[in-house]
Amino acid sequence: MNIDSINNGIVIDHIKAGQAMKIYDFLELDKLDCAVAIIKNATSNKQGKKDIIKIDSQLDVDLNALGYIDPSITINIIVDGVRVKKYHPELPLTITNIIRCKNPRCITSTEQELPHVFKLTNREKDEYRCIYCESRASI
Amino acid sequence: MRHITSITDLSLTEIDQLIETAQDIIEHPVKYRDLCRYKKLATLFFEPSTRTRLSFEAAMYELGGQVLGFSEANSSSAAKGESVADTIRTVCCYADIIAMRHPKEGAPTVASQVASVPIINAGDGGHNHPTQTLTDLLTIKMEKGHLDNLTVGLCGDLKFGRTVHSLITAMCRYPGIRFVLISPEELKVPSYVKIPLKEGQVPYSQTTDLMSVMPELDILYMTRVQRERFFNEADYIRLKDSYILTPEKLQSAKDDLRILHPLPRVNEISTAIDADPRAVYFKQALYGKYIRMALILMLLEVKA
Numbered sequence: 499m500n501i502d503s504i505n506n507g508i509v510i511d512h513i514k515a516g517q518a519m520k521i522y523d524f525l526e527l528d529k530l531d532c533a534v535a536i537i538k539n540a541t542s543n544k545q546g547k548k549d550i551i552k553i554d555s556q557l558d559v560d561l562n563a564l565g566y567i568d569p570s571i572t573i574n575i576i577v578d579g580v581r582v583k584k585y586h587p588e589l590p591l592t593i594t595n596i597i598r599c600k601n602p603r604c605i606t607s608t609e610q611e612l613p614h615v616f617k618l619t620n621r622e623k624d625e626y627r628c629i630y631c632e633s634r635a636s637i
Numbered sequence: 091m092r093h094i095t096s097i098t099d100l101s102l103t104e105i106d107q108l109i110e111t112a113q114d115i116i117e118h119p120v121k122y123r124d125l126c127r128y129k130k131l132a133t134l135f136f137e138p139s140t141r142t143r144l145s146f147e148a149a150m151y152e153l154g155g156q157v158l159g160f161s162e163a164n165s166s167s168a169a170k171g172e173s174v175a176d177t178i179r180t181v182c183c184y185a186d187i188i189a190m191r192h193p194k195e196g197a198p199t200v201a202s203q204v205a206s207v208p209i210i211n212a213g214d215g216g217h218n219h220p221t222q223t224l225t226d227l228l229t230i231k232m233e234k235g236h237l238d239n240l241t242v243g244l245c246g247d248l249k250f251g252r253t254v255h256s257l258i259t260a261m262c263r264y265p266g267i268r269f270v271l272i273s274p275e276e277l278k279v280p281s282y283v284k285i286p287l288k289e290g291q292v293p294y295s296q297t298t299d300l301m302s303v304m305p306e307l308d309i310l311y312m313t314r315v316q317r318e319r320f321f322n323e324a325d326y327i328r329l330k331d332s333y334i335l336t337p338e339k340l341q342s343a344k345d346d347l348r349i350l351h352p353l354p355r356v357n358e359i360s361t362a363i364d365a366d367p368r369a370v371y372f373k374q375a376l377y378g379k380y381i382r383m384a385l386i387l388m389l390l391e392v393k394a
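Those protein sequence lines, which keep their order, are chains A and B.
Residue 499 is where the first sequence starts when you use this note's numbering, and the numbers rise one by one after that.
Residue 91 is where the second sequence starts when you use this note's numbering, and the numbers rise one by one after that.
Since the hints were derived computationally from the structure, they do not count as laboratory data.
There could be a bad hint or two in this list.
Unchecked claim - Pairwise CB distance ranges, derived in the manner of DEER restraints: (1) B:Q341 - A:E625: 38 to 46 Å; (2) A:K547 - B:M91: 31 to 39 Å; (3) B:T98 - A:T594: 20 to 28 Å; (4) A:N620 - B:D364: 41 to 49 Å; (5) A:L557 - B:D106: 48 to 56 Å; (6) A:E625 - B:Y128: 45 to 53 Å.
Bear in mind that the values here come from a model prediction, so they are computed numbers and not experimental data.
Just so it is clear, CB atoms sit at the ideal spot from N, CA and C, and this is done for glycine as well.
So here's chain A without its partners, still in its complex pose (with noise of 0.2 Å):
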């Protein structure tokens, strides 16, 4: 398979093998009625295997925040069949409602309406800290 396949939407291209169903549920891809597709254990010549996702629809989220899951990831963003832009994602300084704190002892383990907000704290460490109780994110 190749992005031409696609004619507006997202490739999720250099994913490591095996990680393409983490990202799949990290973005809620079985809710979308367009087509997705999973390739898992493609040839990579930089990986070896590799993962990739195809998603025939742009999504409304911020894809640098799979660069907390995977830094190693390229994005192909793909209009009218062309791709317009190629890029790895940045961690982002803060993400929200992506991760849920675990600490029982965090305000947001009583108050549900509490958004789940972690920001970066060390990006050589890809650590991410509740906002709120400061305890180390974890997926």
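Here the structure of chain A is known, so what remains is to put chain B in place on it, guided by the hints.
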């Protein structure tokens, strides 16, 4: 307008200014007694407290202001399921400044996001307790005359003890500080608290043996193993008597050691030590009132 949810919300200069103001209040109380006239402090205590709540209230009264609030969650609408944000929005209609304690970590941050008046964190679970830290700093300054070049022993529950975490964060910003962390294995300082130590390259050592390090200490900060922080009663019972300070244990200590404790004490400091001039934990409770007066003045932007 600003809020104080963590000691790191204050710069070193601001901390030094607060300590200076508190020292001036101690020396010239009359100068300060009407500065907050017609101002109201709300003390919102979703978790019980003696010293923190009463010292905040006494601080506001001594500044000529007035106080309203509640001392347990059951006597507020929190018992009916009201959110922290809604409670704060409401209280902002009635008060000029809010001091709040909450059992959940980060509740004051939630409050600060919606408040139209300054919020002071008066303790959020095992997380932060900045006014206790200011109290500790003022106590050390008053008793030792300086905040730098000290060997500070922290003893007891260093895992859940929020006062310890905040004190480490604050004191490692002063030059010449060395920490000695004394705790059972299960109650060691969490790794995230050690970050400022490592980043600032502040020397520290860890031990389980209080006696072996006693002669080195300029400050001994004792803490209580807190029942309310344990999910498992058996763990609490096993660890609660890990360190009990007795006159015998103090024999090898320096003459100018100062023993601090955020209180309440259960049995970790023998009452036989109370009369020892090195024990300053009740004076510490008094200093707590003065530093809170200084903080209220700063946040209400009132000048003497």
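Checking each numbered hint in turn, tell me which of them this model violates, lowest number first. 2
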